[in-house]
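Protein chains in written order, with my numbering: chain A, 1 to 344; chain B, 1 to 344.
If you're looking for bench data, these hints aren't it; they were derived computationally from the structure. Given the structure is predicted, the values throughout are model-derived calculations rather than measurements. Among these hints, one or two may not hold up.
No copy is singled out in the list; a pair is fine if it fits within one copy or between any two copies.
Claimed, not checked - Here are the simulated PhoX-like pairs of lysine-lysine, each with C-alpha atoms no more than 20 Å apart in a straight line:
| hint | residue 1 | residue 2 |
| --- | --- | --- |
| 1 | Lys-291 | Lys-253 |
| 2 | Lys-9 | Lys-70 |
| 3 | Lys-322 | Lys-113 |
| 4 | Lys-7 | Lys-78 |
| 5 | Lys-9 | Lys-131 |
| 6 | Lys-109 | Lys-227 |
There are 2 protein chains.
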Amino acid sequence: MYLDERKIKILKAIIKDYILTGEPVGSRTISKKYELGVSSATIRNEMSDLEDWGFIIQPHTSAGRIPSDKGYRLYVDKLMEYETIEDKGLKLFERILEQKINQIDELMKEVAKLLSSFTNYTSMVSSPHIKKTKLKHLQLIPLDTRSVMLIIVTDANIVTNNVIRMDIPADYDTLNVLSNMLNESLKGLTIEEINLPLIQKLKVKMGIYGEIVSSILDAIDHTIQMKDTPEIYLSGTMNILNFPEFEDLVKAKQLFHTLEEKELLASLLAKVTTDGIKVTIGEENEIDEMKHCSIVTASYDIDGKTVGTIGVIGPTRMEYSKAVSVLSYISKNLDKLLRKIADG
Amino acid sequence: MYLDERKIKILKAIIKDYILTGEPVGSRTISKKYELGVSSATIRNEMSDLEDWGFIIQPHTSAGRIPSDKGYRLYVDKLMEYETIEDKGLKLFERILEQKINQIDELMKEVAKLLSSFTNYTSMVSSPHIKKTKLKHLQLIPLDTRSVMLIIVTDANIVTNNVIRMDIPADYDTLNVLSNMLNESLKGLTIEEINLPLIQKLKVKMGIYGEIVSSILDAIDHTIQMKDTPEIYLSGTMNILNFPEFEDLVKAKQLFHTLEEKELLASLLAKVTTDGIKVTIGEENEIDEMKHCSIVTASYDIDGKTVGTIGVIGPTRMEYSKAVSVLSYISKNLDKLLRKIADG
DNA sequence: AGTTAGCACTCGAGACAACAGAGTGCTAAC
DNA sequence: GTTAGCACTCTGTTGTCTCGAGTGCTAACT
Chain A
1 MYLDERKIKI LKAIIKDYIL TGEPVGSRTI SKKYELGVSS ATIRNEMSDL EDWGFIIQPH
61 TSAGRIPSDK GYRLYVDKLM EYETIEDKGL KLFERILEQK INQIDELMKE VAKLLSSFTN
121 YTSMVSSPHI KKTKLKHLQL IPLDTRSVML IIVTDANIVT NNVIRMDIPA DYDTLNVLSN
181 MLNESLKGLT IEEINLPLIQ KLKVKMGIYG EIVSSILDAI DHTIQMKDTP EIYLSGTMNI
241 LNFPEFEDLV KAKQLFHTLE EKELLASLLA KVTTDGIKVT IGEENEIDEM KHCSIVTASY
301 DIDGKTVGTI GVIGPTRMEY SKAVSVLSYI SKNLDKLLRK IADG
Chain B
1 MYLDERKIKI LKAIIKDYIL TGEPVGSRTI SKKYELGVSS ATIRNEMSDL EDWGFIIQPH
61 TSAGRIPSDK GYRLYVDKLM EYETIEDKGL KLFERILEQK INQIDELMKE VAKLLSSFTN
121 YTSMVSSPHI KKTKLKHLQL IPLDTRSVML IIVTDANIVT NNVIRMDIPA DYDTLNVLSN
181 MLNESLKGLT IEEINLPLIQ KLKVKMGIYG EIVSSILDAI DHTIQMKDTP EIYLSGTMNI
241 LNFPEFEDLV KAKQLFHTLE EKELLASLLA KVTTDGIKVT IGEENEIDEM KHCSIVTASY
301 DIDGKTVGTI GVIGPTRMEY SKAVSVLSYI SKNLDKLLRK IADG
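Let the hints inform the model, and build the full structure from the sequences given.
What follows is the structure, given as structure tokens:
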């Protein structure tokens, strides 16, 4: 098996045409539309080879060929040309910045929207993983004699709060002193560094406040545990219905069902630890309902640390070049947006 | 036009059967399945009257009848029997409470999920309208020399935060004193009572702190304005695809598109000012894409004050009795859940 | 040896007719 | 006022046919 120049050209033509039209592409189409200087009969011979090697598939005897997952994989890895979207992208980003967004969740929603409207696929955005972000401030606020609200502010001003139910009442001043002490000890640490051993040490150190400290520290730990799975924002879910491959409602419904399982998506996005772009094509997906889909994901950073993931999901017949370009651009620039909302 | 006992019974039978099967119901079906003691010919005569008066419709000459919007309206207003769901409902609520939810948004999501999975329709839940809730605590936290985070805690421990960019640097102690003063003046007021005139008065009163107070008060006002449209949580969107009336993908897509316009839904839900349940059937809907749908909504309270809305959306062929019963039950009991998370 | 023209063959999509079934409206009898 | 009977209408399904796109193979060409 040797893929010479001409076979590559033919494969590329098939994939491009199929991505464009969604129809199986025949030898005559290629010889007419793409200038290869050979007749359809020659192309037929070459296609026969490409099929033997598993890069293309014939849905039925008298139809044209469509790319296989293996074909797409080769295309994505070696053949595809990337688009540059600097200028277009900038305009879109400006549009987001014009709106007065100053909550992280609003921003993530907006990014998801942007992503889906620009690619016409379904987009997924995971919010920054709080464990990887650094503690900026911690504050205890008394609500009534029995309950205290714990507020944690981290990088990019991500705010979490939790009500702590106290066994011993604590007054405003005590809580203030405690807030200060905790801030001094913990500020600048990433949330995942504030683990049980460290908390145990603090408990000993702050002996005077005894039990109050104890229950508060437990609550801190609890809050952190709770926020372990990041929020997932979806947008353009129904874009899927625009693709003929999901005309079969049963298939579409299955996929929708899967998309509603946020935990599943979270674990899927969490796997993107690698820097850069990851493309998962059809059968490569671990989730059965997604074996007809391709997923393109990219991770994004805060302060140079990977904290979250963005991605799109569409049919295997996806405009990979576009998806990759858009994701790459947005993931590279997302930290700027995050800093922007952090600065108010 | 006079609807005697028998016509009512026949209309009810048609509606019930159609809601159940989704198929036009014929005279023979009724005479067989529902014991009215008359033959199909008699029922045919009666049906002819009901059609003349607009309660039922014949899709084509040789088909059975289906209820019209007018028919459903009569059914909902006068004929329908309500279900009691006390026991079932309680179990579902317990299930929610078992999970450790202590954020309002988690709760609302969970309620939406519950609603959609229990009714099999698409559910909408609007989060408590912050303007109607009372201020419980307000806190200013210094982030760095130039920015301060404003945290507002209201009823049911709904927390909002916003970063304020300061022209004049303010130190920790100053902010603390300010927090205390503002708390004293504003605590217990509903957020909508904290309006510009009141803020102006405060500016004068706190003359000593001059410009710092001024920019903080502006930020408070800004934060409140920003949070004006409540969050909308949807669940079970794709349930719509289960109904044969949305087999036509174009119709379904239109509806999905409408459902993604959160602002539209927000304004739709905001209209439910009336206490109790509101049923909007087919053509009664103002939004074109929803003229094939029915919407059932109910408002819910915090501390006896209406603060939000829950609802379901489905085909006009909806199990109104179930929808109404479920919504009524949940809306009546939602404040208990809200209180529960408020108490930690 | 590689390329091309020609041709028989296959398969799917669409058009069309025939048919069965459900349901109605009307009439005449009870 | 109710019912049985019957002719009529409309839809959905099934089977048959044709058309067109596309292939694979063979034989001829460069």
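Verification of the hints:
In this homomeric assembly, Lys-291 and Lys-253 come within 20 Å of each other (Cα to Cα) only inside a single copy, at 14 Å, whereas the closest approach across copies is 23 Å. Proximity of Lys-9 and Lys-70 under a CA criterion of 20 Å is satisfied intra-copy only: 16 Å inside one chain copy versus 63 Å between copies. In this assembly of identical chains, Lys-322 and Lys-113 lie within 20 Å of each other by CA distance solely inside one copy; the values are 16 Å within and 35 Å between copies. For a Cα distance limit of 20 Å, the shortest separation of Lys-7 from Lys-78 inside one copy, 14 Å, qualifies, whereas the shortest one across copies, 73 Å, does not.
Proximity of Lys-9 and Lys-131 under a CA criterion of 20 Å is satisfied in neither setting, with 47 Å inside one chain copy and 63 Å between copies. With identical chains, the CA atoms of Lys-109 and Lys-227 are at most 20 Å apart both within one copy (18 Å) and between copies (16 Å).
Consistency with the previously given hints fails for number 5 only.
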